[in-house]
Every structure is written in structure tokens, then in C-alpha cells.
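These protein sequence lines map, in sequence, to chains S and R.
Per the working numbering, residue 1 is the first one in the first sequence, and the count goes up by one each step.
Per the working numbering, residue 265 is the first one in the second sequence, and the count goes up by one each step.
Hints listed in this document are in silico derivations from the structure and should not be mistaken for laboratory results.
Hints may be right or wrong, so weigh each one.
Derived pair list, reagent style DSS-like, types lysine-lysine, alpha-carbon separation capped at 27 Å [claimed, not checked]:
(1) Lys434(R) with Lys523(R)
(2) Lys155(S) with Lys594(R)
(3) Lys156(S) with Lys465(R)
(4) Lys598(R) with Lys523(R)
(5) Lys255(S) with Lys460(R)
(6) Lys255(S) with Lys356(R)
(7) Lys434(R) with Lys592(R)
(8) Lys282(R) with Lys536(R)
(9) Lys255(S) with Lys496(R)
(10) Lys228(S) with Lys282(R)
(11) Lys564(R) with Lys434(R)
(12) Lys255(S) with Lys536(R)
(13) Lys496(R) with Lys356(R)
(14) Lys358(R) with Lys496(R)
(15) Lys496(R) with Lys534(R)
(16) Lys255(S) with Lys594(R)
(17) Lys297(R) with Lys523(R)
(18) Lys523(R) with Lys255(S)
(19) Lys297(R) with Lys496(R)
(20) Lys228(S) with Lys358(R)
(21) Lys496(R) with Lys155(S)
(22) Lys523(R) with Lys496(R)
(23) Lys156(S) with Lys460(R)
(24) Lys356(R) with Lys228(S)
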Amino acid sequence: MLNILVCVKQVPDVNLVKIDPVTGSLIRAGVPSILNPLDANALEAAVRTRERYGGSVTCITMGPDMAAEALRECLAAGADKAVLLSDRAFANADTLATSYVIVSAARLLGDFDLIFCGKESLDGATGQMGAQLAERFGASLVSSMSLLRSIDFEKKTVIAERELERGIETCEARYPCLFTVEKTNYRPRIPNLRSWRASRFAEITRFTSATIPGLDPAQIGDPGSPTKVPRTYPPEVGEAGMMIDEGSVDRNVEKLLDLLGDVL
Amino acid sequence: MNKHEYKDLWVYIQHDGKAVHPVSLELCCEIRKIGDASREALAAVIVGDLPESEKDRVLDCGVDKIIHVSGTGYDFFNTDAYTNLFTVLCRKYKPSAVFVGGTIFGRDFAPRFACRLPTGCTSDATQLIWNPETADIEFVEPAVGGKMMAVITVPDARPQVGTIRPGTFKYAPTGRRACITAEEIIDFPVGEIRTKILDFKADEFDESLNIADADVIVCVGNGVKGADQLPKYRELAELLGGKLGCTRPVFDRGILPFKLVIGQSGVVIKPKLYLAFGVSGAVNHVTGITDSDRIVAVNKDPDAAIFRYCDYGIAGDMDEVCGMMIGKLKAGKKLSPQKDVI
């Protein structure tokens, strides 16, 4: 039976995040948190794989308590189990520390054959989690996967297509295999009312740093993160450009085209 | 770990046996400047054989050292052999930083060897600064959808690993220096490579998707109402002898393909004329357009950030302005008054 894992993240909807003009800090209050959009494509790929070959899909995330909401979305969209890793000690983790916690917890849940991730998150957008999770799982890596073609259960291999810079590669990869998923062929399904309702009451397995045996405190959260963010600042803005305001669209465009006379 | 034992700045030279990937040369040129500031050598890591003429292009960027690696396992790009290779090399030579082009392949193996060492890995910096007080490289990049700039460092671990997107830095070779070559043989057992390439089908060459070198770009941003509005922007682009591009949210909405996304995580463009329609001006988009000769912005919000980056701005309805431009250009209005004289 295929044992499938999907790694997801809850992110603030960055399009709605504002910057305090005085302090330059982020105003996150009132900004909704959502399931990272590309993770929904990864989940869809995982669920379709289970529908075709059988098995079970587990979703895992690390985050605050409210990240359970993202997991419920996954359950509504077809995941069988959900696991939340939540602990203050996990906070301020970079990709290295995050991948360590996720893989340490996943090992308690069993051996996974296939692992699916989104290509990158909306907020951090490093796109590094897939590669680092694959490293810690000891898995082969198939990034930018656009189509899982077939699985050979005897050989324990997967044949999949990848969208590379200049074309489509078809490759064969051994179990365990981690995919980062392209959205091309895996548009997320809309859950029906019944599965949505069921997800509201579904059980979510929770782990803290204390309930993951053998977790090395030096490798989690801030201490376990080699990358640091010593400072942030508002982006520099240039001098305002020349605004064309001649009173009508017609005259504005006429003026613009005149101004562009020397460009081409 | 004493980070001061770690010296030299490395650039991985990605190549296909025939030509060096442009991003590797761009990185050599940019890292050369850091090496001059930090008084460290710039080393190019070349795996497998490269034609002499291509090796010359690497040398022209002012590298002090070539680490040439041969052995089994490198015939095709695969994460397993290359992760092992950089792990072995970094443990032996202790470089202070390793830079890898942010190609799909580079982004596969760089975070992975960083994890194995382990050390910190950053991606998509748009600016690199060497800080003499800390002896750390500051990786500066837009964060939170471009709403702020974040400085990222790897203060206590080495090497500092970074993947950088193609086009982020300029290819401006500063000339040759005395260069030594170190030969390394690192065999990776071919049977341990867990992925195998069965087939590769090159994209049918679609010139409209190749926007990096276009002279004119008409870019639609998140203000676009829907895919049904696109034909007029394409038409405008064609009338101006240019191509259509878009911002990240337009791709996220499924309206245009990723190859047309301009900005930090997409294509960096350098056109003579860039016209932004309904583009808000988030920094991760703006970092991809700053080398444009002339920037025009059209947005219905007069306070949109894009107006701070443009040469000329029109506050108004994007569809209306686009339609008007098409009308005037079709009616014989010329962009260039000089041509009228002839």
C-alpha cells in the first residue's frame, strides 16, 4: 500500500499585508492566513495518485495552533490524516530547522514512499524546502513535477514528467521519492459540502518538541537555523515619475506617444 | 567552528559540455567584486570537460583559481552525484561561500548539499554586500511579496551558500588574472544515482515566450480583469514591435504562463521601453524591470507604487488607455517624429 505524505504550510495572504509607514514593520493583524496556494496543487497530485493506486495520504505542517485550519482544508480536499507540529520552540526556524522537525516527526508515522510538496511558499518563497526535505528523508528528488505518469510497484520506481527551462523531461526515480509539484496538471478540487463538514470534526494528530523523541534542541527553531535576518527595511522608492494629466484619455495618450518619440 | 578558517568564494560553472550557462558568468563577475573587497580568491568549480573557448570566458571574469573535477556520475544533471561532489569539496577546501545559479538544477542540489554539510542556504538575493565588520556576506532580497527588503546572513556557519537567479547580475568581465588550476577526481557510483532521464522533449520554440531580450515589453499586472482582455495587450505589444509579459499574480490566477512572469522569481528584462498596465509596483516585480531604458505606468490607483519607478505615468483605466494607444498607432501615429520627416 502506498504511503503518501504531503508537506504543507499556512501562510499570510501577502497581498493583503501592509507596511506601517512610520515604523516600517509589517502589519499582520487582520490579514487572513491561507493554505499556501502551490501546496494545494501538491495535495491534488497526492490525492489523485491515491485514487489511482490506493494507499493513504497524510498531511503534515509546522506552525501555530491556527495552522490546523490549513490541515482541515487538506482533509476536506481528500487527505486521510493530518499532523500538526506546534511548539514555541519551533518558531523562527529557517528551512534547515523546519525540515529537521518535519522529518523527525514523519519518521514516527511510518515510512513514506512518496512525498509531495508545493514548489515554494507565498511568504518565504525560498523554494528550498523540497530539496532539504528530500535530503533528510534520504529520498530521490523530482522537482518541477508536472505529471506523475506511472508507478512500478515491483521495481519501486516512479515515472514522472518535469517542466524544465527548455522542455519536458521524463524521468524515472526510486522510492522514496519527493516531488515538488507544478500547477499545470493539478488544479485543486473544490471540496463538496459533506467532506468539508467532515473535516471540521476530523482528528488532527499533534506533536510538540516534547512528544517527538530524540529531537535535538540545538537543531530546532532559532538555534537550529544557520540563516538569520539581522534587519529589514522598506524598499527604496525612486523619484515619482512624470504624471501625464491632460484632462482626457485621448490627450493623455497623445502626449505619452509624443514623449516616447525618441525611445525606439 | 572558526569561520575565519574558511576562505575563497566559489562559483559553480553550470554547463552542458558545449557552453557555460550565462548565470555562471554573471555570478563570476559579481563575486569578483566581493572577492576584491574581502581579499579572497574567486574560484570557479568546473565539473567535466569544457571547450577551451568557453573556459576562456570564465577566465575573462577574473577568476584566481579553477577547481576542475572529473569522475563518474556527472554525465547528466542529477542531484545525487552533485550533492555528494559539493559536500566532499567543501569539506576538503573550506570555502567561505558557494554561489550557484538559480536554475532548476542549481536550486535542486545547492540547498541539498547545504543541508548535508550542514550550513545555511539563501535563494534569490538581488544584491550581495560584503560586511567587513562581521566578515559575512549580506544577501539582500525582497520579502513578503516585495513589501520589504530583508538582509539575510549566515553568521556562524560556513560556507555561505546562495542560489541567484539568471539575469540578476550583469555580465561585465573585468579581465584575466593569474589563475591556478586544482584537479580533483571524485567518483560517484553511477548505480547510486536514483533518478534516470528517460526522455527529453524540447519545447516547441515559441518566440513569444522568450521575453528576456525583447526591445519593448507590454506587461499586464493584477489589475487585468481577465484572460478575455489579453488580446488588446498582445495587439499593442505587436504594434510596438514588442512582446507581452505579466506579473506573478497574473500567473497565479492562471491567466498567463510562468515564462512570461517578470521579476525576482521570473525573468529579468532589459527592454528599451517597458509599459506596465495595472501593475501595482511590488518590489519583487520591480527588481526585474530596473534595467529598462524607459518605463511607462498605467494604473487606476494614483498612489500605486509603480508610479515611483516610472518615467511617465497615467492614472486611469488600463483597458481604456491600451485601446486608445492601439487606435492612435493604427491611425498612423508614429512613436518616432524623426521617421515622419523621412
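**Prompt:** Failing hints, ascending?
**Reply:** Numbers 2, 4, 5, 6, 7, 8, 10, 11, 13, 14, 17, 18, 19, 21 - these are the hints that the structure violates, sorted from lowest upward.
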